[in-house]
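Residue numbers (the working numbering), protein chains in the order written: chain C, 1 to 159; chain E, 1001 to 1219.
Bear in mind the hints are in silico, worked out from the structure with no lab data behind them.
Derived contacts from chain E toward chain C, CB cut-off under 10 Å, selection only:
| hint | residue |
| --- | --- |
| 1 | I1050 |
| 2 | T1054 |
| 3 | Y1061 |
| 4 | S1078 |
| 5 | N1079 |
| 6 | L1085 |
Take a look, some chain E residues computed to stay more than 12 Å from chain C by CB distance:
| hint | residue |
| --- | --- |
| 7 | R1005 |
| 8 | Y1008 |
| 9 | K1009 |
| 10 | Y1015 |
| 11 | R1027 |
| 12 | V1030 |
| 13 | W1036 |
| 14 | A1091 |
| 15 | M1105 |
| 16 | N1146 |
| 17 | W1150 |
| 18 | I1162 |
| 19 | I1165 |
| 20 | G1176 |
| 21 | R1211 |
Pairs of lysine-lysine, DSBU-like flavour, derived with a Cα cap of 30 Å:
| hint | chain 1 | residue 1 | chain 2 | residue 2 |
| --- | --- | --- | --- | --- |
| 22 | C | K115 | E | K1063 |
| 23 | E | K1028 | E | K1217 |
| 24 | E | K1063 | C | K52 |
Idealized CB from N, CA, C, for every residue including glycine.
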Amino acid sequence: MNDTNDKNDADQIGSPADGNRRRFCQVAIGGTAAVSAAAVGYPIVAFLRLPKSLGPMELMEVPLEELVEGYAYWGEHRGSQIVVVKLKDDIRAFDGTCPHLGCIVQWESASQGFKCPCHNAAFDDLGNPIAGPVNMPLRRVEFVVEEDVLKIRDQGGRA
Amino acid sequence: MALLRAIYKGLDDRYQLTPFVEKNITRKWVPRTLGWAGCFGGLAFLLFVIQVYTGILLLIYYKPDPARAWDSVTFIKSNVPMGWLIQRVHAVGADVMIVLVLMHMARIAYYKIYRSPRELHWLSGIILLSLTAGMAFTGYLLPWTNLSYWGASVATEIPTAIPVIGEQISIWARRGPNISGETLGFFFAMHIWVLPGAAVIFMGIHFTMIRRTGISKPL
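Using the sequences plus the hints, can you model the full thing?
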């Protein structure tokens, strides 16, 4: 092979060989950039997808020993915020969504009732409305106790 | 591509972007004697950018609360799609960034680039080194593992060797006599806003000074 001649052809600016080389470099650099962008971009986009256990299918379980008398235990069940309260002689579970405009109510251990932070609706420990802009009770949620674990019953669709 | 070109041309006509891009990027010449060792500072900056974006992603799930911090990191690692990767890149990236900063400094020291007129480059660099170490240290506590707890305990014990005020410094850094939830909140705020914010300011100063003096040309 005659090195010098090859070199001269290729190095001639504007010659066909120079055009090919330029095109090759453009494709190689562009391709590398595209692959790199995909390699960096994919994990970022994937990270923003919904994680496995935040899906609507999770069922809520509470070990009984976690419940303290007079206080509330919060958890998520099929996408709903569930509150379990332990009273002196009873354990009750409610859907924490206020029937007024859908805020999540708070358990007030001082008054042994629920209060909604949005519009001051208040409920007693049975979930019945006692004050504020609401005339519907909190929804009671059924559960079973198996081997000292309280399990919210799957009630079809939303809990 | 035609659309992108049209957008670029529209902006270029109005704001003369091309001379700016050519002067600063595409036609900016560097001394031919500049070797690969000259890239460590830029790589450290690249690592900072990676830490910022992986950090922002981790913030979506991380909870700076002693009762939930460890669970939230475990959740990121095991349940969030690609969470293991983002978390690992953020954790290992901190180590890599420190190594790169030290390599950058080693080269500056070896070639005596810190001499006039670049003394303040070195000084701002020392501040950036401290901020980098600070970000790594405060970030180490956040997963709330045994290692991070005792790491923070031991490191915040160090200032007590200083006479008179040492004890007070240690209590100030821990927000109390021991590592607690208050420490976690303090380190968290330092880690995500205060130290990175200060780092951005000092990087701006560092880079502007380098642009004004030009990089050092070997003989």
